[in-house]
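Peer 1: Residues per chain are reported as follows:
Number of protein chains: 10
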Amino acid sequence: MDKLEMRHTLLAAKARKKLTWEEIGKSIGMSPVWVASACYGMNSATPDVAKKICKVLEAEPEVATALEAFPTKAWDEAIPQDPLIYRLYEVVGVYGDTLKDVIQEKFGDGIMSAIDFSMEVDKIEDPKGDRVLLTLNGKFLPYKAW
Amino acid sequence: MDKLEMRHTLLAAKARKKLTWEEIGKSIGMSPVWVASACYGMNSATPDVAKKICKVLEAEPEVATALEAFPTKAWDEAIPQDPLIYRLYEVVGVYGDTLKDVIQEKFGDGIMSAIDFSMEVDKIEDPKGDRVLLTLNGKFLPYKAW
Amino acid sequence: MDKLEMRHTLLAAKARKKLTWEEIGKSIGMSPVWVASACYGMNSATPDVAKKICKVLEAEPEVATALEAFPTKAWDEAIPQDPLIYRLYEVVGVYGDTLKDVIQEKFGDGIMSAIDFSMEVDKIEDPKGDRVLLTLNGKFLPYKAW
Amino acid sequence: MDKLEMRHTLLAAKARKKLTWEEIGKSIGMSPVWVASACYGMNSATPDVAKKICKVLEAEPEVATALEAFPTKAWDEAIPQDPLIYRLYEVVGVYGDTLKDVIQEKFGDGIMSAIDFSMEVDKIEDPKGDRVLLTLNGKFLPYKAW
Amino acid sequence: MDKLEMRHTLLAAKARKKLTWEEIGKSIGMSPVWVASACYGMNSATPDVAKKICKVLEAEPEVATALEAFPTKAWDEAIPQDPLIYRLYEVVGVYGDTLKDVIQEKFGDGIMSAIDFSMEVDKIEDPKGDRVLLTLNGKFLPYKAW
Amino acid sequence: MDKLEMRHTLLAAKARKKLTWEEIGKSIGMSPVWVASACYGMNSATPDVAKKICKVLEAEPEVATALEAFPTKAWDEAIPQDPLIYRLYEVVGVYGDTLKDVIQEKFGDGIMSAIDFSMEVDKIEDPKGDRVLLTLNGKFLPYKAW
Amino acid sequence: MDKLEMRHTLLAAKARKKLTWEEIGKSIGMSPVWVASACYGMNSATPDVAKKICKVLEAEPEVATALEAFPTKAWDEAIPQDPLIYRLYEVVGVYGDTLKDVIQEKFGDGIMSAIDFSMEVDKIEDPKGDRVLLTLNGKFLPYKAW
Amino acid sequence: MDKLEMRHTLLAAKARKKLTWEEIGKSIGMSPVWVASACYGMNSATPDVAKKICKVLEAEPEVATALEAFPTKAWDEAIPQDPLIYRLYEVVGVYGDTLKDVIQEKFGDGIMSAIDFSMEVDKIEDPKGDRVLLTLNGKFLPYKAW
Amino acid sequence: MDKLEMRHTLLAAKARKKLTWEEIGKSIGMSPVWVASACYGMNSATPDVAKKICKVLEAEPEVATALEAFPTKAWDEAIPQDPLIYRLYEVVGVYGDTLKDVIQEKFGDGIMSAIDFSMEVDKIEDPKGDRVLLTLNGKFLPYKAW
Amino acid sequence: MDKLEMRHTLLAAKARKKLTWEEIGKSIGMSPVWVASACYGMNSATPDVAKKICKVLEAEPEVATALEAFPTKAWDEAIPQDPLIYRLYEVVGVYGDTLKDVIQEKFGDGIMSAIDFSMEVDKIEDPKGDRVLLTLNGKFLPYKAW
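Residue numbers (full-length UniProt numbering), protein chains in the order written: chain A, 1 to 146; chain B, 1 to 146; chain C, 1 to 146; chain D, 1 to 146; chain E, 1 to 146; chain F, 1 to 146; chain G, 1 to 146; chain H, 1 to 146; chain I, 1 to 146; chain J, 1 to 146.
Think of the hints as simulated: they come from the structure by calculation, not from any bench. Glycine is no exception: its CB is placed at the ideal position from the N, C-alpha and C atoms. Do not rely on the hints blindly, as some may be mistaken.
So these bits of chain G aren't anywhere near chain I, every CB distance computed over 10 Å [claimed, not checked]:
#, residue
1, I28
2, D48
3, L57
4, F70
5, A74
6, F107
7, E120
8, W146
Derived pair list, reagent style DSBU-like, types lysine-lysine, alpha-carbon separation capped at 35 Å [to be verified]:
#, chain 1, residue 1, chain 2, residue 2
9, J, K17, J, K144
10, I, K128, J, K144
11, B, K52, D, K144
Here are a few chain C residues that sit away from chain A, every Cβ distance over 10 Å (derived from the structure) [to be verified]:
#, residue
12, S27
13, K51
14, T72
15, K73
16, I115
17, P127
18, L133
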């Protein structure tokens, strides 16, 4: 079973059981964003976590094997088209130089890792319109001279 | 004076006066990321704020006029190459579908605005390596049927 | 049932029943353009509206579920090729800077939302050749400093 | 004088004289969007109109010659990056098939001309947020068999 | 039956019956280039003509329905690769500016329509090598100020 | 003097002397389209013809040398953007396969040369709107087995 | 049977019968490179030659029909990736301007035809490493003024 | 002096002295194609050869230094546009798979080097039209398992 | 059996038998990176080695035939997306000019072959985080004048 | 002084003083590849190292400031064209999946860092042709679940 089939299986099970990523995350002790990314095939799970995901979603053991596999990460469109995802791309385009300058002023020459990294989505309720709070947390890696 | 010349003038002044975005932001009462984005030419300032920026950086009045102008936002590379900015692009590519699903599960069908939007960079000190905390805060805009 | 299958099912039903978007829109109390976009899989319907669409087009309940799903919006060609769609792309290319200037002169720095948005197609009869009147109506979103 | 120099000259004059496209359009009897497009170098003016524009903006006769020249229309980015212009591109991408279907249902096989064409921008004031009303008006051209 | 299946059906029938586009065109009173384009799925036929094409090629009624459908025109390669088609693309690239200047000198600012348009292929026999005569005939559409 | 400078010089002279391509072509005994293409730098002239062009347009001898040089042909946009030129590109895209089939049915396997090639632009006056007649004339080159 | 199926059939037969292009070419009196190109679907064969190829490779008559068909030539990657083919592309990139200059110095303004064209591959044995000798032979086509 | 300036200097000198690549090559004992490629900046010359080229073309010593520099090879268009160079690209596209198969059948798995490589242009006079004979000679490099 | 099917077969067998590339390489006397590349279909094996691979992985004889076939090498994305592979691409982008200069300073004008080439992956254990040691070993090929 | 000007200054000084990267590296106690990358503007130096580089190459203090600046890394061609650099790109394309599999088998799910990273170029003398030994050394970064 490859990652694509695994993803279809898990998303179908989640819909059938009417569970949210929030609930699945809570019941297995992981963050909802990470659980979603693993079910979408963009992260690998440890055997232990894979088993838990399969238990919550009542999936076959071969789904757990697929969850443990190390993914080859890829995406369809170099420039995303879906409006929600495009807005994030636009933020990177518009504010990329700004963020580079502010981060490197604070940390020195280096990058924010996208590997030693986590993410969180929160909802700020507001009568003028709720707001999405997206938090990225990555280790700073300094360039080293050699 | 166009935005490009304005940017060169302001970055040179900032270097000459050895100020940080943090300090400039504080002294004019705006966030450091926003101040940087305005000086990079990616946001327009109100006349009042433009004047304050010019005062802190000892710039000519025509720089203030340039800060007030509404920018045409553009970036050089559809797929960014600088490693710090690429990592952000990679996050959007790898986690785009995941974020869409988690956000829409929480908010319904719609997007996180990149216009009614703010951003913040924080440093989490950690003996195993400091971490960058990047917070995006955007209004949720629901699609409406008509 | 995914959006693609839903679309094929609904377009086939519409052809079989010889209904126009105008008629379907009228019978369910929505605009014809919106109804078409939902059947093409580019917008999600509320449960209530989804049921009505399925009733008019005599479709199975799983089609209603597909109509309710939040779509991942994508299109085939970055530069459209079909002549009708290309002409719209050409308008954006030729008049993009012009529209930006005229809109921002009237509203300030910001954008016209494509989310809090509606559209209408009308026919102006004219002996020298009928004319298409295409109306776009989007909320103005101002950039905010922070 | 080429179209680019003409554009810089006219936009600078407009800023200096603090005129809006609305006001310029009114004073010469043309639509504000069309006047802007001609000054941006995307349409040619008749000698008479070119002279009027130059009179309002106090420009030299060679600017009038440049306004009369037939432009070679081009734009920088196949996929626009400025957020205001991108939103229009997104509308074409997301709703292109829908518009094609709705228009051709009303008019038969053919296209909406982008040449025998006009456009208008209006403001709808609304306490919940003003709205942009963008109207495109193009002749319908039917395909003919031969 | 979609346009692709229709095309396979009609081309196979044409090969089986050993008919040329010339002959099919003559027998139904249309130009050979137009008939070919309709059978390739790039133009729609009136019910009457669709029926005639099906009669000549002994095709089922559903093929006629497919011939009447309004096509979504698309092509595989932005820059064509087949040598015969590439040569035409090369002509547009090499002589595009020249043609624009010569046509607009004769007609004013505007375009040659590709919609209100017809085309013809003729053979000029020549002992030094036969020549292809390709004639494009399109309505001139002037830009109008508004 | 390179081809670009030559082009600017010749187009300026032509405007100054208020000559059309038609008139220049007639006075030197060549076709107007070819003369335009040579002045645009897309074809080389024989010494004799180069001298004649320079005489008509009162240009310096070094312009004649530039006219004689063999051009490196190139164009800016793989997919043209100017509406007049795009319409020609669209014709190649929409009708490419059709033309290939009709030409090869008449001539056998091979191509229409874009080198041993000429072109003509004519105006057909018509009360319902004048028409552009564009004629391409290229030697047929058969593929040979070896 | 289309060209792709024909190609699979012929390459499989060639492998099964352990024949080389050299041997097939010799037995039917054609060059090995041409025979390979025809079996790969990049050239059409005369009925006579098609029959001979099918005889040598013991293929069905419908394969002969496919060999006679005029191919639509296309290739997968605008910039080839296979190292052997990339090296040829690199030669065109690195030496393109050089070859243009040397050829046009010898022949005048024009091109080397890729249609009235043949090619040959030879092996030069050499103790320091064998060498590939690739010979391209194309008719020179002069541009003609008109 | 960089390669670009060197190229302009050498091509201007060659034109002024009315020398051909053939003549320059002969007088310094190198092939005309190689000499052209070195003067175009696509190959480096040994100090001895660089001096000879400068002597023949009466160039300054700094030109010799530029000829000795190791070039960074690059070309403008991934897909060439000049018709002469495009035809060579087309040959690689159309016959790439064929050549790979024929070469590897003769030599085993490996490539023809574009580094340990030479090239030659010859003219075959023919009353039906002269022919260009282009010969590529590259060392065969076998892949090695390790 | 083509290379793709061969790859699926061999990777499945490797997983079933729980073997590492290290172990397979050792048992057949080849390097683990090379064995992996051959099983991925990116190198051809000699009959002898192919048989050994099939023996270790208990694969059918037709898999051995597929291992011996000369591959057409290709990859999916011109700019890789998987983070591990992208980092290697980034190294080539960031350090390409540097490496060219350092290598050519040491070796003269020429390249490092990617054909007469081998590669090795080693692990350097380190309490602060293990390190990957990637060694590329390629023959230097000097450009030769001719 | 920006990185580009700095690079020109330092490369010119290095040529004038006839120093190699090897010698410069040795005299300041850093690796030759790293020194080259810093002088090419692809890495930042500490104030101390920047001063040493300027001393060896007799450069002005403002060059030292430029060496200390944090670079925005970018490269010209997504797919490199210079043959030496392309060969490295080809290695990533051909062996990318192989390396991913071999590295992750040894280290688990994660990447080799291109930031906490160093590189070395060595020469292996060999009578059959010298070999380039390129060593990449990067910290392994494991993905972490969160």
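Peer 1: State for each hint whether it applies.
Peer 2: Hints and how they fare:
| no. | hint | result |
| --- | --- | --- |
| 1 | I28 | holds, 25 Å |
| 2 | D48 | holds, 32 Å |
| 3 | L57 | holds, 19 Å |
| 4 | F70 | holds, 25 Å |
| 5 | A74 | holds, 15 Å |
| 6 | F107 | holds, 22 Å |
| 7 | E120 | holds, 20 Å |
| 8 | W146 | holds, 40 Å |
| 9 | K17/J with K144/J | violated, 50 Å |
| 10 | K128/I with K144/J | holds, 16 Å |
| 11 | K52/B with K144/D | violated, 63 Å |
| 12 | S27 | holds, 29 Å |
| 13 | K51 | holds, 19 Å |
| 14 | T72 | violated, 5 Å |
| 15 | K73 | violated, 5 Å |
| 16 | I115 | violated, 6 Å |
| 17 | P127 | holds, 41 Å |
| 18 | L133 | holds, 26 Å |
Consistency with the previously given hints fails for numbers 9, 11, 14, 15, 16, ordered from lowest to highest.
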